[in-house]
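Chemist: Here is what each chain is made of, one letter per residue.
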Amino acid sequence: MKSALYRILISTAVFLTYLFLYLPIIILIIYSFNSAAFPAAWQKFSLHWYQELWYDRDLWDAFYNSIIVAISATFLSLTMGIALMYFHMNSARIKRWIMLFYGNLIVPEIFLAVGLLTFLSFFSVPLGIPTLIIGHALLGLGYVVPIVYARFSELDYRLTEASLDLGASFSQTFIKITLPLLVPSLIAAGLLVFIISFDDFILSFFCAGSTAQTLSLYIFGMIRSGASPVINALSTLLLIVSSLLVMLFCWLNVKTKIF
Amino acid sequence: MKNRLQSLFADRSAIFIGMPALVWQVIFFYIPLFFMFYLSFNDSIDQGYYTISNYSSLFKSSYIPVIFRSLLLALFTSLSCLIIGYPLAYFLSFIAGRAKIFYLFLLILPFWTNFLLHIYAWFYVLERGGFLNRILLWTGLIPEPIKFLNSTAAVMLVMVYCYLPFMTLPIYSILEKFDRRLIEASKDLGATSWQTFTKIVVPLILPGIQSGLFLVFVPAFGEFAIPALLGGDRNMYVGNVIVQYILGTDTMSLGAAFTVAVSIILLLFILFFAFIIKKVIKD
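Going down the list, the sequences are from chains D and H. Counted from 1, the first sequence has number 77 at position 77 by my numbering; the numbering is strictly sequential. Counted from 1, the second sequence has number 1119 at position 119 by my numbering; the numbering is strictly sequential.
Don't read these hints as lab results, they were simulated from the structure. A quick note: this is a predicted structure, and the numbers were derived from the prediction, not measured. Be a bit skeptical, because a hint or two may be false.
Stated by the list, open to error - Label pairs and their in silico Cβ distance ranges: (1) H:Phe1094 to D:Ala36: 43 to 53 Å; (2) H:Thr1139 to D:Val183: 52 to 62 Å; (3) D:Leu47 to H:Arg1134: 37 to 47 Å; (4) H:Phe1034 to D:Cys250: 35 to 45 Å.
A virtual CB, placed ideally from N, CA and C, is assigned to each residue, including glycine.
Kindly generate the complete structure, drawing on both the sequences and the hints.
Modeler: Have a look at this one:
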């Protein structure tokens, strides 16, 4: 009896929590279909803002920049991560070096961004897309290395031994045995890095300079200067894409040691 | 066996293949952090001229309340997330049953979408003609719209909103492994629900709470976007001051000094936290 009461209490609390989490998003999505701009009340259903989103040049430029940065950062951090695992397989003494990469998760991003900016500006490196890629690849390494390393440690070493016994070289073993076994964790880490880079705001805010615009910076600017429902239309589309990515991520079912 | 095999087959050039990641990490992470420290002892305008005036001017300025306010905000956010997040994590692991994957999906989704869009979504709720004011006006609780935006309350609310998943997921992952028989055993042996909760459940899920607190407190302390968009101009937080100094003209050294000072305070606060949690475990 008492436990049933607890259950009802907790379920109510959870219902309210999810309402708290999703009510703003639902309102946001509903207003993306409103023919009038916000503060105005609901008028009638229209796809006007989606049409305007389609023709918004600045927004699409920012979007492409974000995509370029995210893809490059993902590619760079994955490549470096895989290479590091190859080195790790060869040498037994790498464990404490791996620890170096956990710093990215511990230090708040704003400190990291400040550090990177002071460093870059001291050597008068011009800020722009390349510096963004550098920063995001660094963020990416902080996720790729721990995730892939965790998966690597779980691998059955006997498979490697068998491969070496049967005459394969180290690089053959890595490419034909180890790498295929690492693929799920590589995809998961890649997805995570892509989305983190794509959604990143703080680091981009510091390291983009005045010329390069990413989608996050564009949205920030628009919210500040009074946004139009174009952002709502964009949010709706991005939510759909993210949902698909999350499903893919859950489907991979990789134990990420982030939480 | 492992070592012998490795020495037989090991690829001597592997060190060069493994290097880029390590070099990248050191050059763009550790050296810049050190650099920030170095720059904080430089004169703002005349670089290369060493001074501690950056630090002394920080103490003279009015930024002590800013740090204090940020600490309070981070503390409020992490405790609120804990109070809301624990029942949620409990629900996910023990009550949700087969629908669990769906609820988890809803909890992870915000983490995968741009959080600026979530902040933006709150404008629709909190604006003068927004959802909340409409509801309140309709029910007749208030005679005219309330100004919710540009206030500390708005910042606090959206902070909790944005950081909730970071608290819930670590607790959930610990509760998932929790052996429910322990609770039954405790109750069988005559403990009350409250005793079971404080003596059995809390000590066992403490690691999850600890990492949740860490994941929320640290970024919440340096948060920039939420106060900048929802907090108005009067209430400055650590993140805003850092941005103002670092991106301002000729104040970069001062900004570096502020960042260093703030990170030391943050570090001390975390150590203090860890000390208290250790004390709690011992008792």
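Chemist: All hints are to be evaluated individually against the structure, with a verdict given for each.
Modeler: Comparing the hints with the structure gives:
no. : hint                              : in the structure
1   : H:Phe1094 to D:Ala36: 43 to 53 Å  : 46 Å, holds
2   : H:Thr1139 to D:Val183: 52 to 62 Å : 56 Å, holds
3   : D:Leu47 to H:Arg1134: 37 to 47 Å  : 25 Å, violated
4   : H:Phe1034 to D:Cys250: 35 to 45 Å : 40 Å, holds
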